[in-house]
Structure formats: C-alpha cells, structure tokens
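With the hints as constraints, model all of the structure from the sequences given.
Number of protein chains: 2
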Amino acid sequence: MAFKIGLLGLGTVGTGTAQILQQPTGRHPMVQEIVIHKVGVRSLDKPRSISLPPEVLTTDVEGIVTDPAVDIVVEVLGGLEPARSLILQAIAHGKHVVTANKAVISRYGDEIFTAANQAGVYVLLEAAVGGGIPVIQPLKQSLGVNQITSITGIVNGTTNYILTKMQSTGAAFTDILSEAQQLGYAEADPTADVDGLDAADKIAILASLAFGGRIKLQDIHCEGIRQVGAADIAYAEKLGFVIKLLAVAKRESIVDTSEEEMLQVRVHPTLVPTAHPLASISGVYNAILVEGEPIGQVMFFGPGAGAGPTASAVVSDIVNIAAVLKTSGSPEELHPLLSCTHQHYCAIAPIGELVTRFYARFLTKDHPGVIGSLGTCFGKHNVSLESIVQTGFQGDLAEIVVVTHDVREGDFRQALEQIRTLDAVDSIPSILRVL
Amino acid sequence: MAFKIGLLGLGTVGTGTAQILQQPTGRHPMVQEIVIHKVGVRSLDKPRSISLPPEVLTTDVEGIVTDPAVDIVVEVLGGLEPARSLILQAIAHGKHVVTANKAVISRYGDEIFTAANQAGVYVLLEAAVGGGIPVIQPLKQSLGVNQITSITGIVNGTTNYILTKMQSTGAAFTDILSEAQQLGYAEADPTADVDGLDAADKIAILASLAFGGRIKLQDIHCEGIRQVGAADIAYAEKLGFVIKLLAVAKRESIVDTSEEEMLQVRVHPTLVPTAHPLASISGVYNAILVEGEPIGQVMFFGPGAGAGPTASAVVSDIVNIAAVLKTSGSPEELHPLLSCTHQHYCAIAPIGELVTRFYARFLTKDHPGVIGSLGTCFGKHNVSLESIVQTGFQGDLAEIVVVTHDVREGDFRQALEQIRTLDAVDSIPSILRVL
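Chains as they are written, first to last, in this note's numbering: chain A, 1 to 435; chain B, 1 to 435.
Be aware that a few hints might be false.
Repeated chains share a single entry, so a pair holds when one copy, or any two copies, can fit it.
[Said to hold, decoys possible] Below are the DSSO-like pairs computed for lysine-lysine, each with C-alpha atoms no more than 27 Å apart in a straight line:
| # | residue 1 | residue 2 |
| --- | --- | --- |
| 1 | Lys238 | Lys165 |
| 2 | Lys4 | Lys326 |
| 3 | Lys238 | Lys326 |
| 4 | Lys46 | Lys4 |
| 5 | Lys238 | Lys4 |
| 6 | Lys326 | Lys380 |
| 7 | Lys365 | Lys238 |
Hints listed in this document are in silico derivations from the structure and should not be mistaken for laboratory results.
What follows is the structure, given as structure tokens:
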C-alpha cells in the first residue's frame, strides 16, 4: 500500500523531506510506503541539490491540492499566503495535511482545524515547534493523561544563540546580532526572532495542545531581547542566573468546576537560576520543559531548526498519518489523539495580574538618597524588595539593580511609572522577570 | 464507548494508575473512556490509599486475563513470574497488554511480541524505560524515520543519585549507597541497580526499538559502579569530566547492503565531558540522548521512576491503545508504528572490538621508572596514551592515572594483563571508558 504526497515547496525543508523519502534504508519500513507524487515549486529551471523525475515537479500548486491522487499535502512553503489558502483548499478536497508553518497555525489554527474536523482529515504540525524535537506528538499522545500545569520553553534558536554568545563573550546585543546574521543564524530582518514574535507563535501552539483550548495570538504578552544589556547578563551571573528568552504557558491550579480558568501565556527574557534544567540549554538548541500531575517535570531537548531536523519531524507526521490510514481504512471517526478536539478559546489573564519576581536596572544621578527614594516608591506600591544594589557607573550615571520578591506585575509597573518621574532617575534600561 | 481494563497489581504504580483514571478532570477526554473493570491483588483485606468498589478487587488474577469483558490487561506486578505467564495468557485471550515490566520484556520480549502479532494485539511498554519520560513512543512514532546511529542513556536513577552524591560530597561509594538505601532510593539488595543489570534491561529495549531487531540480553556487556572511587571522581573533575553510568547502543554506519551490521550494546561507568548534555543530569533523574540522521541530537529528560511518573506512562499506553481501537474497530492490520514488526536478532559486537578512550587508575610501588614501564607496556600493545600522571599516594602506594587515545578494547585489555604481572604494580582499582 502506497501513500501519495504532494509537497508544496522545495526549499531547505522540502528538499530535506524528499531526501529522507528517497533513502529509506535504515529507517522505519513505513517510509518505503510514502511516494512523492507531485512537488510544487516556483521555477522548474532552478538548479537543485536533489534529483526528482521531471514529471513530479510542477509550478501548479493548486493542481496539487486538488489532485485526486494525492493523499497527504505537505506544506513547507512558509509565510502566511498562499500557505493558508492552499492548506484550506487541500482540506476541502479531503487531503490530510502536514505543515511546518507555525505562523499559519498560530494565526489560522481555528479555521484550519474546524475545516479539518468537518472534512474528516488530519492536520499534523510536529515541525512547527522545536524543529526536530518530538514535542507535539508527546504532548498529544504521552503527556495528555496528565493535568498539565505549565510549559516553559526555549523555542527560538536565534535569540538563544545571541544570549549565549553575549554571556560567553560579554559583548553587546547589536554586535552579536550582526555576527549571527553573518553566520546565517539570524535573518536580515531579525524582528520575528529578537522581538519574540516567533516564540509567541510557538507557545500559542504548545499552550493550545497542553491546555486543550484555542489561543488568540494577540492575547500573548510578548517582549523580545533588545533590552537585555551586557550589564544585565553580567549582574545576573553574579546573582546565580542566566538570561534566557522563555515562552511560558501556565495554569495555576486544576479546579474541579466548570468555571473558566485563566491561563498565563507570555514570552519575555527571564533570569533563570543556573541549576534549572533550561539554564544549560545553549546556542541554537531548543528545549521544552513540561510540568504536570502526576508526571512532574519532563524536558525535550534538541535542534530547534535546520533542514534535517525539521524534515525529520515532517516525515514523522506523514508516516503517522499513513499508519493510521493503514490501520483504519477510511475512518468514520478521527483518531482522538491525533486530531484536534477542542473548539473553545482559552481565557488568558492580563499581564498586569501576573505574580512574579522582577529584576530592573536603573540609571540615576549620583546623588545621596536615590536608593532610599526608589525603595520608598516600591514600598508605596506594595512591591517588596529582595535587594537594591548600586552595581557601578555608566559614565556619570549610577547603575542601580533592584530584585523584588513575588509581586503583582500591575503594582510593579505603577511603581515604575512613579519612579520615572523622579528627578534623580535618568532611565530604566531593562526590566526582566525572574523564574 | 468505554474500554475496560484489568489491572494486575495495586502497588505504587497500580495505585497511581487507578488514581489518574479516577480523576479525569483536566486530562485528555479519552481518559474518561477507560473503565477499571477488575484489579488483581494478593490480599483483599490490605488497607489501601485508594477507594475502589469491592466487586472490582479480586485475588483471581487468571480470571482477569481470561475475562471476556476485559479489553486491555495492565501488568504492574513486576518480577518475572507470574508476570510473564499472565501477559502471555492475556495475549492468548485476545487482550491488548500494557506493561511497566522491563525485566520481562528484555528477557521474554521475543515470545511476547511473536504471540501478540499472531493474536493481533498490542503490547505497549512506555513505563518500562525512563519512568514517565516519553521515549518509547517518540522512538516508535517520531524518530523512526531517522537512521538512528546511537542511544546513550542515564536510565538508572539509583546509580545516578549515588554518583551525583559522590561528586558533590567526595564520599565513598559504600557510604552513599547506605544513605541511598535509608532514603529509599536504593533497595536492600542493590545488585540490579549498582551492577548495571537494570540499565542493561532498559538499553536492550531501547536498542531493539531504535535498530529494529531483537536483542539478546546476555550479549550486552555490563559493568556497574562499585569500582568507581572517590579518587576517580575527583581526578575526572580535574580533567573536565563527570562520571556517569551510561547505557549505550550504537551502530557505526548505515550501509546500503544486506550484510549484517554489528551493534554495540553496553552498560558501564563512563567519563562524560562536562559540556555534554548528559553531564548535567543529576540525582534520580534519567535522560536518554538519541542521535540519528538527519535529526542530529535529541534528548529526553525527566523522572526515571516513582509512582506518579510511571503511572503517567502506563495510562498514556492505555489511552493510545483505546484511541487506535476507537478509530479502527477490529483492525485487520495492526498499527505499524505501535506494533513490533521486527523478528530477527541484532548481531552485537564483542566488547573486545570496541574502539574507545580509556581511563585507568593504578596503585604501584613508589619506584623510579614505573611510569616508563607502564608506558612501554601500552606501547607494545598498540595503545596510544594521551596522558600518564602520578596523581598522589594511597598509603605507601603511588597512584597513577592513565588516559588513552581511541584504542581497541582488546588491545588495551591485553596491555593491562601484562601490566598486572609487573612487580611494581599493586592493583588496578578502576578502569573506565571515556565518552
């Protein structure tokens, strides 16, 4: 029995996918049952590192998603359009879909999964988060019997590379960013990575799976790493922390009522204690830590991007769909662990309600009494401090670092608003949360 | 639709399993479809932390595995018998089986999976390796499309606890073992753990999944941690290593021929470079590192034992079987990623053929020329050395540590045989491999 795929896109991930399928030796025998029926490309003449029969290549991508011979459409185009429309068209034509497209799923997951459930097809997306790391499947199939309480991930390799390099070299963000761009670890326009938007797409997907509800991307509080200075990294290290861009989704408690529960879903640079499992994840690697009852902590670690790892995830999804089809023929009911069963939207708490520890760095005039007036301001707003230390000077300005106990973010922000109005305060270059 | 399970055993894992099933809130909706039909126990009168209807409890375990109402038999008895016989009986009666029993699967996996394939039933065993860590499922479903080249695991929490504590305190093996026994981390008879037998069971199972062939347990070279001294840990640290009990399964290359390929499957204490992902796994935690093409390195980390994590793995297997049954009704063909498809035995290379780096510690008389004669002996046997250092004294004896380059283990062992005959050599307290 052979399963025919229509591959949309033959860039690095598409090429990696085709290469796995062309070399089945040493892999699961199911890989041999997957046939590349059509590959949609922009240009037929472009030189390619992979050899495919000429009749397989086509520029007619619509022809692929409507081709009655195609069982599974594999979308590795990236970007929002035409990826979204082609996925929806494929579903409408009864095709199962495998995609690596986090941007499309995090924005249009609701319409895509609604359409897929109506059409009785699967949409799998292991490659959309964590590259090759198996995390979507384990969340669906192994961890779903737990009451998941949190997911905390380093899910963007570019920012983790930059922060790791800033830590090891002491260099500034902009210098390391340029270097990462030269090495191909960061894009010419690095916004999606360094401003946390890519991580927000991914935590939206993970939160949706872990907590069984849809997530509105715009509800996710998102901060990037541009504000992280070499001074912050150095001082964090002294305090026993490393700074990581974390994507967090959390629920505080499992309640046995039908009352709607609020989730936290957020992306921000965070001081992580050096003994924490996520602290040692360095360079372009990704890791996702899942906590739940009764399992406790489990972590998945691996390459978060790259042609090979991402193609591994894509092909595993293809094979998983083929295996279910082989077992069930034309299922009347979709496999309940592979399909998306939830339809409601999760309620996400406003960031002001978050209770967390904070780290903040201030530049102030070098006057006596400044530390006292900062402390007084925080006290007035119910912000209890763990430490307030003058760490040095930047030019004429004194550098003061504050670390709080657990405080309500709204209270902390109000205190900062008042502090900004103080004569002695020049600026607040960085405000980071502490794990 | 409800799926009825017959639970064999109500110890810590059995109780944990029942607790998850009794509290479905906040878990995957499939958990609600699992019904505890019968629970086999030794005594009906024993006080228990869980409340079950009296008609569910029975001492007639044979009655459970032959009960026509039972869909899935869950074996959490542990030990070889009656676990093995009950599993086989359950299969003969058309039941699917979920087991946490690494000892039975590593020894009798061949007859169990042959019987299961004949009967058209599934035997799942996520809980047998790594406690709650999803690793069996990802190997079957996500990573199988890769050409797996190696699996390297810290799969025994007891020994990892002991080695971690030896490292942090500088204490001797026997002292930490007593402490671990008092804390319940080590059994009164610690043989299975500290001599590496438990790890051998687990790597047999992982190797079988990763390389698609059966593994004979007696082919696995197995060394425990009794030989690891405080002196080794201290000197390893100076060299930039930590000592871990690793379970390793490896194939050197993927060849496109039908020639039989030799695997390495072995368990031994190992010097692991501190920057290696496995080096930071401490205490009772487990981690399994999988390497393959094109995925590169992925690692799974979590609690390797305990009632809650193990029960999480057991229930995930139950739910996975139920989900496939729901989709396929009575399948004519078993799901090819969940069933065991291989039947041949893997060829395992003798340990003498291994090429690796070695660390060895010698106690010798404090004579001039000893280092020279050690060096000469190694040279004669083709063993190229990286360093040979007198690290100190133990009483009157000089302590000398040798680290080799990559050498054939057989050559190294022959050199050691000759070295043992030297007048100046008192003993060789430890011989460790270097990752």
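Homo-oligomer pair classification [Lys4, Lys46; C-alpha up to 27 Å]: Only inside one copy: Lys46 and Lys4 sit 24 Å apart there, 57 Å across copies, limit 27 Å.
Intra- versus inter-copy proximity for Lys326 and Lys4 (alpha-carbon distance at most 27 Å): Both: 13 Å inside a chain and 25 Å across chains, each within 27 Å.
First find the shortest C-alpha distance between Lys238 and Lys165 inside one copy, then the shortest across copies, and answer within, between, both or neither for a cut-off of 27 Å. both (17 Å within a copy, 25 Å between copies)
Using 27 Å as the alpha carbon limit, work out where Lys238 and Lys4 are close: within a copy, between copies, both or neither. neither (57 Å within a copy, 56 Å between copies)
Up to 27 Å CA-CA - Lys326 versus Lys238, copy category: neither (57 Å within a copy, 55 Å between copies)
Checking an output row: Lys326 and Lys380, CA cutoff 27 Å. Within, between, both or neither? neither (66 Å within a copy, 59 Å between copies)
Checking Lys365 and Lys238: alpha-carbon separation at most 27 Å within a copy, between copies, both or neither? Intra 24 Å, inter 46 Å, cutoff 27 Å: intra-copy only.
Of the hints listed earlier, those the structure fails to meet are numbers 3, 5 and 6, in rising order.
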